[in-house]
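Residue strings, one per chain:
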Amino acid sequence: MIRNFMNFYTEGFRNMRLGRALWKIILLKILFIFLVLKLFFFPDVLKVSYDNDLDRAEHVLRRLTQIDGTVDHTALLPTAK
Amino acid sequence: MIESIDPGQVNWARAQFALTAMYHWIFVPLTLGLSVLCAFFETLYVRTGNIEWKQLAKFWMSLFAVNFAIGVATGIILEFEFGTNWSNYSWMVGDIFGTPLAIEGILAFFLEATFFAVMFFGWDRFSKRMHLFSTWMVALGSNLSALWILIANGWMQNPIGMRFNPDTARFEMLDLWAVVSSRIAISHFTHATSSGFLLASLFVTAVSSWFLLKGRHQIFARRSITVAATFGLLSAMFVAFTGDEHAYITVRTQPMKLAAMEGLYKGKKPTGLIAFGVVNPDKQAGDAGDPFITKIEVPGMLSLLANRKLGTFVAGIDDLVWGNSEHDIVGVDQKIRYGRQAVTSLADFKQARKAGDASSAEAALTKFNQNQEFLGYGYLKKPSDAVPPVSLIFYSFRVMAGLGTFFIMLFALFLIQSARNKLPANRWLLRIGVISVFLGYIAQQAGWIVTEVGRQPWAIQGLLPVSVARSNLDSGTVAVTFFIFLALFVVMLIAEIKIMVKQISLGPEVSKS
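Protein chains in written order, with my numbering: chain A, 222 to 302; chain B, -10 to 502.
Bear in mind the hints are in silico, worked out from the structure with no lab data behind them. None of these values were measured; they are calculated from a predicted model. Hints may contain errors.
List time: in silico EDC-like cross-link candidates among lysine to aspartate or glutamate, alpha-carbon distance up to 16 Å [stated by the list, open to error]:
| id | chain 1 | residue 1 | chain 2 | residue 2 |
| --- | --- | --- | --- | --- |
| 1 | A | K245 | B | E485 |
| 2 | B | K339 | A | E279 |
| 3 | B | K343 | A | E279 |
| 4 | A | K259 | B | E485 |
| 5 | A | K268 | B | E485 |
| 6 | B | K339 | A | D276 |
| 7 | B | K343 | A | D276 |
Could you put the whole structure together from the sequences, leaning on the hints where they help?
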């Protein structure tokens, strides 16, 4: 059964025409995404910056408890009112 | 610390996410729709035993494979962006998104990976019925993947079934069923998948029209058009129906988005629908200026669509920003006060926890819980910050809805001409058929602009604005990756178009997986 299963896939791949080009594209793309983009450009910021979840939570809480400046309630007050 | 945050970063991060999501959405709707159409063509083959339907199914499957191969894994980049550019947001929603995305991953892997191989390699190795079952499973798997992603998106538009844990700064799932069965999530799913069916029908119609214009594969093309136009007409009508339902839900969950879609500043009853309008670019929320330079309005229609009742009130931007006591609308100005109270209580809670003062922590938490639903408003600087870009949403909505109406008429025309056996002679209709696939893509993108730009400034509606959801990075880093993506996506798109055009030119006789 395992042999049949393996044969099914190997023969399938061997007989591909269009599929070969498509698999090359898929593999190239996945290699680029994981080996270039992920490694060099897309670190998980909180994982890289902090060792544990407690510190990560602390970082986010610090941001959540900051308010940027004061509220300008007079800005663009409705002239009709 | 807050002084070091680069304000330009949020715009670059948004631009990058929009670019990636828009690129990703070039492939997704065609995958959703073409998988179903392939299954439908194969069903016709199994039912009739006619080998020409098999040939037809195999040809469209080869184009489905091209689209799938170029599109696959582009969604992974979005996940990278969450961790890098939107780390606060990622941390906060991890518990909510974990479940739907894990289900999506498992379903997609098992359904698609297992049955994909049978669909492409198994024509001569499996019985007709087993092969057909596999093709339907691929279609089902693709569409179920979309369901879980859209459930996650629906939660961001209408966060329910959860609670905020002030110790961990995370939203925690309380009721999975509430999240899964959210009206906005279901409405998103039905609208998005049916629009994918519509796009696939346009795609099949366009390629088949091109064959007819070139005088190639006449019978094949006419059969394809008959099936695609029928499927497309039904899908386009369903898209209109689900779109109406979606707008009805939006009025109740995101009224600001609907007001922006209609360029409605001052609510009134009855409220008319703007069939055509040129937005006044100088108009600001709260001023006395006219929202439109020119417009054609259908009286009372918006009241009917928004509330299913003529003569009813529909809230405008000014009502939502500054409140309207007559209609019990709490304005953003008031919500900002509640939000600031929530932020202050959260800070007090944190402080008391650190000091080990349990009673003060309890009191702060009680206060926080009273205002928790307005948390996100606490970070806005002024009430009008809650207003999304009106012009972009207004025009995008009209492009989407206008094209949707056009597609209904187009498919009806194709069906009539097909029934009268006059398709090959109608070269003007065939030319429109070829062009319309591009209009289909424009309508798709316009729809997502309405959905996503329409919920600005929120990453999570009412709870977390994008300015707080982002990471503390400098804009230069994000700008660099934006341009890397732009180059990568252009190259991949050119590759897809080239392979797709080559495969189409080969025609149905030589299509082989």
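Against the structure, the hints:
For the hint pairing K245 of chain A with E485 of chain B, the CA-to-CA distance comes to about 13 Å; that is within 16 Å, so the pair holds. In summary, the hint linking K339 of chain B to E279 of chain A is supported, as the alpha carbons are separated by about 9 Å, within the 16 Å threshold. Between K343 of chain B and E279 of chain A the CA atoms are separated by roughly 11 Å; this keeps the pair inside 16 Å, and the hint holds. Annotation: proposed proximity of K259 of chain A to E485 of chain B is violated, straight-line Cα distance about 23 Å (limit 16 Å).
Proposed proximity of K268 of chain A and E485 of chain B is contradicted: the alpha carbons are some 35 Å apart, above 16 Å. Among the hinted pairs, K339 of chain B with D276 of chain A is consistent with the structure: their alpha-carbon atoms are about 13 Å apart, no more than 16 Å. Distance hint between K343 of chain B and D276 of chain A is fulfilled; the C-alpha atoms sit about 13 Å from each other, no more than 16 Å.
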